[in-house]
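Asks: Chain order of the listed sequences is A and B.
Just so we're aligned, residue 21 is where the first sequence starts under this note's numbering, counting upward by one.
Just so we're aligned, residue 21 is where the second sequence starts under this note's numbering, counting upward by one.
The hints are simulated quantities; they were obtained by calculation from the structure and are not laboratory data.
Since we're looking at a predicted model, the values are computed, not measured.
Keep in mind that a hint or two might mislead.
[To be verified] These stretches of chain B come out as covered by chain A in the derived footprint (C-beta under 8 Å, 3 or more residues):
no.: 1; stretch: 73-81
no.: 2; stretch: 125-136
no.: 3; stretch: 149-155
no.: 4; stretch: 390-396
[Said to hold, decoys possible] Which bits of chain B does chain A cover? Going by a derived footprint, with three or more residues having C-beta under 8 Å, they are:
no.: 5; stretch: 29-35
no.: 6; stretch: 57-69
no.: 7; stretch: 284-294
no.: 8; stretch: 331-344
no.: 9; stretch: 356-363
Cβ atoms here follow ideal geometry from the backbone N, Cα and C, with glycine treated the same way.
There are 2 protein chains.
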Amino acid sequence: MVDYDAIASSLANRIVASDVRELLKLTEGRKIISFAGGLPDPSLFPKEDLAEIARQVISERGERVLQYSPTPGVGEFRRELAGYLERVGVAVREGDEILVSTGSQEALFLLGMAFVDPGDTVLVEEPGYLAAINLFRMLGARMVPVKVDSEGLNTDDLRKKLEALDKEGVKPKLIYTNPTCNNPNGTTMTMSRRRELLDIAGEYDVMIVEDDPYSYFTFEEVEFQHLKTMDKEGRVVYLGTMSKILVPGLRIGWALGPAKAIRRMELVKQIVDLHSSTLSQYIAMEAIRRGIVDRVVAKAKSLYKRKRDEMLAAMDENMADLGEWTRPIGGFFIFFKANAKLDFKAMLPEAVERGVAYVPGQAFYIEGDGRSTMRLSYSEPKPEEIRKGIELLAGIIREKTG
Amino acid sequence: MVDYDAIASSLANRIVASDVRELLKLTEGRKIISFAGGLPDPSLFPKEDLAEIARQVISERGERVLQYSPTPGVGEFRRELAGYLERVGVAVREGDEILVSTGSQEALFLLGMAFVDPGDTVLVEEPGYLAAINLFRMLGARMVPVKVDSEGLNTDDLRKKLEALDKEGVKPKLIYTNPTCNNPNGTTMTMSRRRELLDIAGEYDVMIVEDDPYSYFTFEEVEFQHLKTMDKEGRVVYLGTMSKILVPGLRIGWALGPAKAIRRMELVKQIVDLHSSTLSQYIAMEAIRRGIVDRVVAKAKSLYKRKRDEMLAAMDENMADLGEWTRPIGGFFIFFKANAKLDFKAMLPEAVERGVAYVPGQAFYIEGDGRSTMRLSYSEPKPEEIRKGIELLAGIIREKTG
Chain A
21 MVDYDAIASS LANRIVASDV RELLKLTEGR KIISFAGGLP DPSLFPKEDL AEIARQVISE
81 RGERVLQYSP TPGVGEFRRE LAGYLERVGV AVREGDEILV STGSQEALFL LGMAFVDPGD
141 TVLVEEPGYL AAINLFRMLG ARMVPVKVDS EGLNTDDLRK KLEALDKEGV KPKLIYTNPT
201 CNNPNGTTMT MSRRRELLDI AGEYDVMIVE DDPYSYFTFE EVEFQHLKTM DKEGRVVYLG
261 TMSKILVPGL RIGWALGPAK AIRRMELVKQ IVDLHSSTLS QYIAMEAIRR GIVDRVVAKA
321 KSLYKRKRDE MLAAMDENMA DLGEWTRPIG GFFIFFKANA KLDFKAMLPE AVERGVAYVP
381 GQAFYIEGDG RSTMRLSYSE PKPEEIRKGI ELLAGIIREK TG
Chain B
21 MVDYDAIASS LANRIVASDV RELLKLTEGR KIISFAGGLP DPSLFPKEDL AEIARQVISE
81 RGERVLQYSP TPGVGEFRRE LAGYLERVGV AVREGDEILV STGSQEALFL LGMAFVDPGD
141 TVLVEEPGYL AAINLFRMLG ARMVPVKVDS EGLNTDDLRK KLEALDKEGV KPKLIYTNPT
201 CNNPNGTTMT MSRRRELLDI AGEYDVMIVE DDPYSYFTFE EVEFQHLKTM DKEGRVVYLG
261 TMSKILVPGL RIGWALGPAK AIRRMELVKQ IVDLHSSTLS QYIAMEAIRR GIVDRVVAKA
321 KSLYKRKRDE MLAAMDENMA DLGEWTRPIG GFFIFFKANA KLDFKAMLPE AVERGVAYVP
381 GQAFYIEGDG RSTMRLSYSE PKPEEIRKGI ELLAGIIREK TG
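I would like the entire structure built from these sequences, with the hints used as guidance.
Replies: In structure tokens form, the structure reads like this:
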């Protein structure tokens, strides 16, 4: 037997097998209330519509739908997608291009591969998106955390960090942000912060990666514009996904940005997987065209709002003295911080034993901070389960707080 | 505007935009006979069967089929696939695992990411598979070519190369081979060569990557076993794909091998694209289960055999004095070498102008050799087009030969 561990690449050796993922395997096959997932509610899946679309595109256009397709994506789908994005307020500018990816995670991966060398510096929100942190770690990048508060990415902290890097003579490759209905924070960046972010990025001439799976689900009338839309300098690469606005199982995401950036990512994609599922692209295209995406988004908004309301109410009633938490205006997540010094990772097996799961906040920190925080997702459990789960959690926290 | 070229990673800078790909763009929208593609014949696509399967799995099992799924692949599909592979003679051993990938290209990519560092040495067939050469180039590997002749990978040359590396103190990471119905060569490795390859790899303790898209289409009764099946040492990682035995548009491939190797690839995949299309996996699963894959393979065998016969006959009649070529026992490709010193890359625009396309052989060589070779694929054009295209090509070569 070849000693596969001994011959693993340095890149592979930088991947840390997620202990949180291992812990969450405890939940498999058990009837527990999970606030861990961040999965969309499957009752929103437009099964009959998609069944009919799939049948039709395969039957009527099978020669194309079942064949290889171009690396940047099926042309017709990319045009439909561009129209959709314009319609929901994401500016597609002259000279921009769209690259279709295997989930938006692949778009982020391609971007990392195209621009980040081992030892390069990247700025990431902290707490920040788990998959982005894992990617930059695998690439051997130096991650500089930028604080996130109730107004989103803290631009004062960003400026401080960039000044310090500048003094070191370091030019960072990018700023990664999930500005609207943040994962894991639930916060949404204010307009003035957005303007500041763009100004600062302009001063230091840094690319901004705007990851945006959740802005489609805002429950309140909040004024915001996408960074991509505000950007006049070709500085923002925007990442999106069908996983939340339609279904995850098609595995279709995209990157939208200046042609030169997208073209680099496309060259990497040619080597990674050549292209994403042709069938999935045709199905997604027809779902946009026939208004099914709009219907799912409308239905999702009201369903997720009800769930968020339920979770916030249950937390207000049961946890007021135990900690503080974010009050998201949209998206899937509430971030909780205990008043007491707790270790939510250590607590997880017991919580699962007692019937409730969450993601320990540590996973969203670069260097193991955030022990007494956790991410609660209200997207998947049923409203009545949400209350029950929060009561369970509150009970456990109360015991540990002593 | 950010200067995206200036900030590109060293990895991205190692990707050479394919000039052959650019040249072949000349063919778009033109009525030409293309021997370039290597696309499966779309008349083989079981459109009505797949339309019905897609409708059914979405309608009846949509909650799962449209949801996120595990990184290594949908469990039920992996078991079905393992059964299929056993049935066609690919041994799935105790301790093996299967990883479902976004086309087999992603499986190869994940393998490269998991095991190959910049500066590492890999042994590749020459002429060899374009995408493998491009991958190893992007990863910054040192590629050592191993000759391929009418009996497949030349094991004497392999031994010579390994001895030389050993003297240098270099331990290569892997040997990449496409032993059966080789791309681009059309050759199939003899059994005695296969045994030698495994022996030599054992002596030097090197992993073997067996890329196998084409063995399903053998037109003659040729005795061969898969390297994976002959391997008793956990040394072979086997890569396969649904693209040729069903349809490419699902974008489903796989890696099969020792759990430790596959697990490393899975950890990389978790970061690359999280998982491959859930829908595609369910469709592929049902296509195996309902015997549709078997039907496609049977039909494909006889269709591609007819096309191969047509191309060989046309070449015998028109090109006997112009060069030599391989006589494939299966697969999609014939490799042609001109007697005269020609430059088939330089010749391509004129050929396209006159109505026929091919892939210049240079693309399959590591360092720009193979100028007077080309790869001819008979998989896509209609039988009557094949003869016409060969006549056209022969005419051009004859003119250039002077």
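Asks: Against this structure, judge whether each hint is valid.
Replies: Quick rundown of the hints versus the structure:
{"no.": "1", "hint": "73-81", "in the structure": "holds (count 5)"}
{"no.": "2", "hint": "125-136", "in the structure": "holds (count 7)"}
{"no.": "3", "hint": "149-155", "in the structure": "holds (count 3)"}
{"no.": "4", "hint": "390-396", "in the structure": "violated (count 0)"}
{"no.": "5", "hint": "29-35", "in the structure": "holds (count 5)"}
{"no.": "6", "hint": "57-69", "in the structure": "holds (count 6)"}
{"no.": "7", "hint": "284-294", "in the structure": "holds (count 8)"}
{"no.": "8", "hint": "331-344", "in the structure": "violated (count 0)"}
{"no.": "9", "hint": "356-363", "in the structure": "violated (count 0)"}
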